[in-house]
Amino acid sequence: MREVAIAGVGIAKFGRYDGQKGRTNKEAEDLGEEAIVEALKYADMEWKDMQAAFAGSCEQGMAIGHRCIGRIGETGIPITNVEGGCSTSLIALRHAYQAVATELYDVVLALGVEKLKPGLLGAWPDPIWKKMMGLDVIPAQYACNMVRYMEDTGSTMEDFARVAVQERHNATLNPNALFFDASEITMEEVLNSRMVAWPLTLLMCSANADGATAAIVCSKEKLRSKEKIVTIAASVQTGGVYGRGETEGKAGGSVKIQNLNHGELGAKQVWETSGYGPEDMDVIGVYDAFSPSFLWDLEEAGFCKPGEARHLLKEGYFEIGGKLPVNTDGGIMGRGHPTGATGIAFAIEIFRQLREEAGPRQVAGAKIGICHTMGAGPNSVFTMLKR
Amino acid sequence: MTASEKKQVPVSEGLWTTPSSPGEKPQLIGSKCPGCGEIVFPTNRRCINCQNEHMEDIKLSRKGKIHAMTTVMLRPPAYYKGPVPFSIGWIELPDGVRVNATLLGAEPDSFKVGQEVELVIHKLQEDEEGNDIMAFGFAPVEA
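Sequence order for the protein chains is A and B.
The first sequence begins at 5 in the working numbering and counts up one residue at a time.
The second sequence begins at 76 in the working numbering and counts up one residue at a time.
Since the hints were made in silico from the structure, they are not lab data.
A quick note: this is a predicted structure, and the numbers were derived from the prediction, not measured.
Any given hint could turn out to be false.
Pairs of lysine to any residue residues, derived as SDA-like cross-links and limited to a Cα-Cα distance of at most 25 Å, are as follows [said to hold, decoys possible]:
no., chain 1, residue 1, chain 2, residue 2
1, A, 121, B, 160
2, A, 121, B, 198
3, A, 135, B, 137
4, A, 135, B, 110
5, B, 187, A, 160
6, B, 198, A, 129
Please build the complete structure, drawing on both the sequences and the hints.
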């Protein structure tokens, strides 16, 4: 398999584009078009250079890739739409990477798009009887996982609030974030915000948003610029493992069978196959659709021991200026969560860090980074980039 | 409809036993794998752990301990007609299975990890014909 480089990236700033209260209205296709055009400009390429595309969204309906690309060109290339919950666009990127690595194509676009109603991630498509019993409320099932994590590690609501504060701070340094223009928040505000399902408060939840992200991958030969080349060092995807239940599987699942969950399994595979370990990473993105998973994602991926993340967080270890900067652009909590676009947003921040383009968020000397999403299914995708 | 015509209808068939003698209490029905011993609820013909296709019905213990719980402050968007806030949780039964269920019979935010709870069959809501739709839940064990 040959090396795959990232030629260009683009983002339609995450925001609310519903035309309400003086806001601009933009369709999902407008957002997708913006992201693609920016990526083409960055790559110094034209639409006709694209040989294939992988696109995805969670809720935009059929043919989202075609509908966005149709704003720009129709050149007969294969366009494949994928869905993988919060991992959607990292899955699209993985397919684009594989297509170039295996020499099927030389230049491929990966795209993620989402336009959502304001609010929280809602209900899982359970059978109606479970809905009638009130068992389908995603934040409530998530809260049960938090309760187990607190039991097992001694983590507290203050720890979860501390994550939200750091991420909202980082977002003020990221012009493409939903919360770029918003004021920072305090621990008290997070703890006193409306209770969604104990112990999950509103400000521990990410906010739905609209947005799009794009990345163009290609063989090294096809790169227009040969400076600061960033390649995809690994892209590992896993699915649910028996006994670990839905999502991170802490509350439910098997009593007797103790398998690694899909995130732990993916981490094991990425460290074993890439030749790098967690200690080699200069900058990382971890999955934080709700602020508590920032902590257990770090632990399950092997960046620290179980129960250790909250202590390191308190010491500033994961700040932009810390030993291992995490979610330097604010992560999902800071950027907002256009679910289909979130995955590539993680990869774009690692890319910018390695290209020394992160401005006030820059981690000095960053040469290798990794990002991780967990999606409904469940699935897990780790994507490692190196310079 | 007269009181005598009003029926109790389960929210879904086959989730719990119908007592056949006085003094017998309902039990949830799970599936046990003859191959690997795994137990799941609700029932499933196939074992997701070892792919054995002959899982057997097993009547589950009525009592268990709360493994995790939460007080839900949001009204679920559709189908749910019960009170808000309400409590749900995962209850670990000594048979070796965890069950996702409503927690009732006490203030929603009073439930604790490790608390002993007992199966309750309760009315959720009425259907279009005025029958009582019944569901399962767990409540604190009577002192």
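- request: Tell me, in ascending order, the numbers of any earlier hints that this structure violates.
  value: Hints 2, 4 not satisfied by this model.
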